[in-house]
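Engineer: Here's the letter readout for the chains.
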Amino acid sequence: MAEYDVVVIGAGNGGLTGALTLAKAGRKVLLLERHNVPGGCATSFVRGRFEFEVALHQLSGMGSDERPGPLRSVLGELGVLDKLEFVEMENLYRVVWPDTLDIILHAERAAIIETLQQRFPKEKEAIPGFFELVYGFSMEMIQGVFFRDPAISKEKYPLFFKYALTPTQKILDGFFEDPLLKALLGIYWSYLGVPPSRMPFGDFAIMFFAYIEFKPYHLKGGSQSLSNALLDEFLMNGGEARFNCGAQKIDISNGRVKGVTTEHGDTVLTRYVLSNASILETYLNLMDPEEAPHNALEAYRSSTIGPSAFTIYMGFDCEPGDLGIQETTNFITTTTDMDKTFSLWKTLEQQDVALFTCYDVADPEFSPKGASQAAFVSLQYAEPWYLVPPHQYYDTKYRYADGMLKLAERVFPGIRDHIEEMEVATPMTHLRYLGHPGGAIYGFDQFAKDSAYFMTSTSPVQGLYFAGAWAGSGGFQPTLTSGRSSARAILKSMAKG
Amino acid sequence: MSLKDVLKDIEGYQEIGEEIAVLKKYGTDHSSQRGQVRKIIDLLHPGKLKLHVSEIIRETGSTKTFRMVSPDGYLPPFQAGQYINLVVETGGIVTSRDYSISSAPSQTAFYDITVRQIGEGFVSDYLLNDVKVGDEFQSSSPAGNFYYNPLIHGNDLVFLAGGSGITPFMSMIRETLSRGLDRRIHLIYGSLTPDDVIFGQELENLSRNHPNFNRTLVISNPPEGYTGRRGFITADLMKETLGEDISGKTYFICGPEAMYTFCEKELYRLGISRKKIRTEMYGPPKDVSEQPGWPASVGRDAIVTVSIKNGKSVQVRTTEPLMNSLERNGIVIPSLCRSGECSLCRTKLLKGRVFQPEGVRLRASDRKFGYIHPCMAYPLSDLEIQLSNAEFSGSQD
Ligand SMILES: Cc1cc2nc3c(=O)[nH]c(=O)nc-3n(C[C@H](O)[C@H](O)[C@H](O)COP(=O)(O)OP(=O)(O)OC[C@H]3O[C@@H](n4cnc5c(N)ncnc54)[C@H](O)[C@@H]3O)c2cc1C
Ligand SMILES: Cc1cc2nc3c(=O)[nH]c(=O)nc-3n(C[C@H](O)[C@H](O)[C@H](O)COP(=O)(O)OP(=O)(O)OC[C@H]3O[C@@H](n4cnc5c(N)ncnc54)[C@H](O)[C@@H]3O)c2cc1C
Ligand code: FES
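Just so you know, the sequences run in chain order A and B. Numbering follows numbering that gives the first Met the number 0, with no gaps: position 255 of the first sequence is 254. Numbering follows numbering that gives the first Met the number 0, with no gaps: position 118 of the second sequence is 117.
Please note that the accuracy of each hint is not assured.
[Said to hold, decoys possible] The calculated label-pair distances, taken between Cβ atoms and stated as ranges, are:
#, chain 1, residue 1, chain 2, residue 2, range
1, B, P210, A, Q391, 21 to 29 Å
2, B, F121, A, R487, 25 to 33 Å
3, B, I117, A, E348, 44 to 52 Å
4, B, Q13, A, C317, 55 to 63 Å
5, A, T346, B, Q13, 33 to 41 Å
6, A, K248, B, S312, 14 to 22 Å
[Unchecked claim] Okay, the calculated bits of chain B under chain A, using three or more residues with CB under 8 Å as the criterion:
#, stretch
7, 8-17
8, 29-43
9, 71-81
10, 200-212
11, 333-344
Simulated from the structure, these hints should not be mistaken for lab results. For each residue, glycine too, the CB sits at the ideal point set by N, CA and C.
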């Protein structure tokens with residue numbers, strides 16, 4: 000029977016960086032992926048002459064060559080930077096509410112302040128203060144927590160200890176009056192899937208700070224090129240990968256990983272498994288119920304399955320300019336009530352906030368010459384889709400997509416007539432391609448109680464480790480980073496023998 | 000103090016701790032969801048289907064409809080125009096072919112597939128000559144991107160069908176008319192001879208009973224004395240039969256490769272824009288060496304060697320899709336569309352050159368990192384490939 004040092008289950012971001020870190024350290028690694036391409040969310044698919052980006056809208060934490068962000072360092076250490084071409088975006092985002100608001104934030108602190116002060120003169124005084132808090136807090140968090148200052152204390156890092164768990168809405172309310180201003184400043188909440196009233200300020204501040212300081216990025220060839228680059232480097236370092244080959248079962252004896260059996264019935268021996276499958280799938284469906292650690296499962300009683308997404312992928316037969324698309328990242332909204340928006344995610348009712356990303360604005364080569372593409376996405380939970388009878392699934396999906404498209408048309412009238420290719424992905428689509436409960440794209444809900452301050456993804460099963468959104472938080476930067484951290488933990492455990 | 004302990008000093012920490020304690024008692028019992036993900040996926044997209052032939056209907060001299068039912072009574076939904084990938088084992092070889100479902104999606108009890116014997120067809124011969132009621136098959140769940148999208152395709156549709164290419168249209172027509180959907184359909188259906196027209200009677204009845212459905216038959220090889228339309232589906236024929244607003248309609252083409260290349264050109268001649276044209280790739284071309292871009296230097300039926308990393312080496316013909324050649328040698332790569340579109344067969348090419356006709360839909364980064372779609376890749380030289388489903392190293396070499 001074949002034997003490996005580590006079997007990695009799942010080639011999503013976390014699985015790929017984990018597998019690569021282990022292979023680079025000279026371990027014999029087998030990577031199993033149920034789909035036919037690497038990447039998980041970080042993939043693309045082809046329709047007609049378009050290659051549609053599945054997930055990546057804005058890559059965080061990259062930074063430039065001169066001022067590298069944390070993600071650039073991770074990718075550099077993994078040896079994939081020279082296989083990739085990055086595209087920096089000048090602007091954070093545009094927020095548009097037809098007939099009410101239309102504003103573009105440049106990815107630069109002073110410029111944002113100026114723009115906001117012009118548009119919201121009544122809030123002129125408060126605006127710089129808010130940014131001081133975001134920055135001051137972020138600096139403390141970086142020094143105290145990320146760099147693990149051994150002398151960390153309330154006195155040394157007052158902003159951090161005061162605000163890390165405060166709801167973002169409370170902070171916004173403290174600074175500002177105008178609900179429009181609060182809504183547009185907090186709009187990145189949809190990247191975390193938690194409304195400002197429940198999103199810890201710590202999560203918001205560090206994300207906002209990072210996107211401004213390190214700029215949002217995209218990749219030539221989309222996120223699939225990153226997944227392919229990571230896989231290529233993994234193979235070059237002697238790793239083995241199997242596609243169309245899900246893990247079926249983790250063999251355990253005496254509380255220790257012994258091997259893995261694939262969906263095709265092959266069994267390999269290993270003492271370590273790094274699972275990029277969801278924690279729930281791993282415990283519930285990849286183990287004999289007798290072997291599954293009851294306590295570990297119980298620990299997730301306080302957690303709920305996070306949102307998935309509903310996306311319309313559109314390939315246009317013309318250039319962005321022809322459709323009035325000037326920005327890459329356009330948040331379209333018709334409300335300032337984000338709690339209501341969040342509650343709509345649990346229904347099949349028309350959404351009132353969604354993100355329209357046109358990749359060709361920042362990267363004119365993204366689509367074929369003379370054409371362009373956009374993804375129009377809103378987060379959504381899977382539950383309402385579970386209630387749709389299978390034989391009404393397609394009708395429901397089109398009806399729902401039609402409503403979404405009408406929302407986009409309020410800002411970009413006439414786009415419908417230029418759609419050459421179109422695909423609609425529902426939470427059920429993500430469920431199918433990722434194999435995660437609820438088709439969740441960020442793992443568990445990320446309320447304050449679910450953060451790393453309270454939860455751990457360490458498993459009581461010896462040799463079992465997790466990487467990816469379910470084991471921390473979702474998004475590219477966190478999941479890519481988590482694979483490397485978990486791999487290091489495995490290497491450490493191996494060194495101990 | 001450890002970091003964890005210090006963090007307890009964060010404002011609000013205590014309250015959240017209490018919230019968690021409550022939720023630990025009354026929160027979600029995830030273990031009740033054991034097996035749920037698989038079940039939910041299986042309702043819409045089961046990986047594999049088991050099918051039984053419940054009835055065989057002779058349609059024409061060369062065509063039969065196979066009515067497929069599921070032993071457990073459940074068949075997943077599909078969009079009219081989609082196909083299934085049917086796995087067959089014949090002559091000791093395991094292979095598969097795609098067949099569009101010709102029954103309507105509203106018919107949930109069975110899938111009809113309608114197969115034409117093409118003469119010298121490996122699988123179609125077997126299906127038409129040997130398959131009996133009660134035979135069992137395995138297939139994919141319904142797949143493919145050839146279907147009507149109500150958001151962008153409008154209400155005015157033209158179906159251009161050639162030969163067995165009528166099958167996805169039959170499903171779309173049956174669905175539209177039986178559900179009373181607000182769509183107008185004009186079918187232009189080309190066949191070799193009047194006897195080759197599949198579903199002729201049903202189409203005639205439907206067009207008589209439904210004002211929103213018209214059909215035009217055209218015969219390319221008519222017998223003497225034939226009075227109907229002759230020839231091919233040309234721009235002139237379309238101008239003549241489709242009436243007003245030719246450029247406002249959406250055109251769907253399905254048929255042999257030669258037909259859709261021809262029809263597409265005719266549509267461009269009429270000034271139809273590409274976004275108004277939908278085509279179904281109907282598998283590999285009949286003769287790949289006639290495809291644009293095929294290198295003249297490579298012999299039509301030259302033999303080359305394909306070596307599989309850590310596996311065996313086999314001799315293959317340059318003009319046969321790599322996937323088919325491998326199947327002949329007992330090596331089965333997962334397949335679905337067999338037209339280069341879906342990437343299920345994605346395989347890494349380590350050495351050598353292949354020809355992939357236009358229409359093969361590789362991702363840009365797949366191309367960059369040396370992946371090919373063997374269902375539509377033809378070897379031009381000796382090759383080395385890496386199979387991602389090969390034996391695990393160490394088990395055998
Ligand atoms: C529409 C959309 C938009 C997004 N936009 C952004 C954005 O702009 N910025 C950002 O940072 N993030 C974004 N995200 C989120 C981000 O893509 C994800 O959080 C991240 O990619 C998750 O990575 P992961 O490591 O958790 O693995 P996943 O991507 O969840 O992949 C898990 C992998 O494991 C495989 N697997 C599961 N079970 C098994 C098994 N039993 N055997 C073998 N393999 C298995 C799956 O097939 C999959 O490939 C978006 C996601 C989506 C879907
Ligand atoms: C999406 C899709 C939907 C389809 N729907 C239908 C349908 O509804 N009904 C239907 O009848 N068909 C349909 N087809 C076609 C079908 O899948 C098969 O291609 C068809 O039945 C012929 O298969 P075969 O095995 O009989 O022929 P094959 O043996 O595969 O031969 C196919 C062609 O290649 C030539 N050929 C045969 N052997 C070789 C060789 N060794 N080297 C080179 N060329 C060779 C043959 O002359 C023939 O022209 C569909 C195809 C696709 C992709
Ligand atoms: S089987 Fe679909 S691309 Fe080869």
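Engineer: Against this structure, judge whether each hint is valid.
Structural biologist: Comparing the hints with the structure gives:
The hint said 21 to 29 Å for the Cβ distance between P210 (chain B) and Q391 (chain A), and at roughly 28 Å that hint holds. For F121 (chain B) paired with R487 (chain A), a C-beta distance near 52 Å fails the hint of 25 to 33 Å. Checked against the given bound of 44 to 52 Å, the beta carbons of I117 (chain B) and E348 (chain A), roughly 50 Å apart, stay inside it. In this structure the supplied range 55 to 63 Å holds for Q13 (chain B) paired with C317 (chain A), their Cβ-Cβ distance being about 57 Å.
Distance hint check for T346 (chain A) and Q13 (chain B): the Cβ-Cβ separation is about 34 Å, which falls inside the suggested range of 33 to 41 Å. Range check, K248 (chain A) to S312 (chain B): about 34 Å between beta-carbon atoms, so the 14 to 22 Å window is missed. Only when three residues or more bring their CB closer than 8 Å to a CB of chain A does the claim for the stretch 8-17 of chain B stand; here the count is 7, and the claim holds. Interface restraint, the stretch 29-43 of chain B with chain A: holds (12 residues with C-beta to C-beta distance below 8 Å; minimum three).
With 3 residues carrying a beta carbon less than 8 Å from a beta carbon of chain A, the stretch 71-81 of chain B meets the three-residue requirement, and the given coverage holds. For a cut-off of 8 Å, the count of residues in the stretch 200-212 of chain B with a CB near a CB of chain A stands at 0, and the three-residue condition is violated. A stretch counts as covered by a chain when three or more of its residues have a beta carbon under 8 Å from one of that chain; for the stretch 333-344 of chain B and chain A the count is 5, and the coverage holds.
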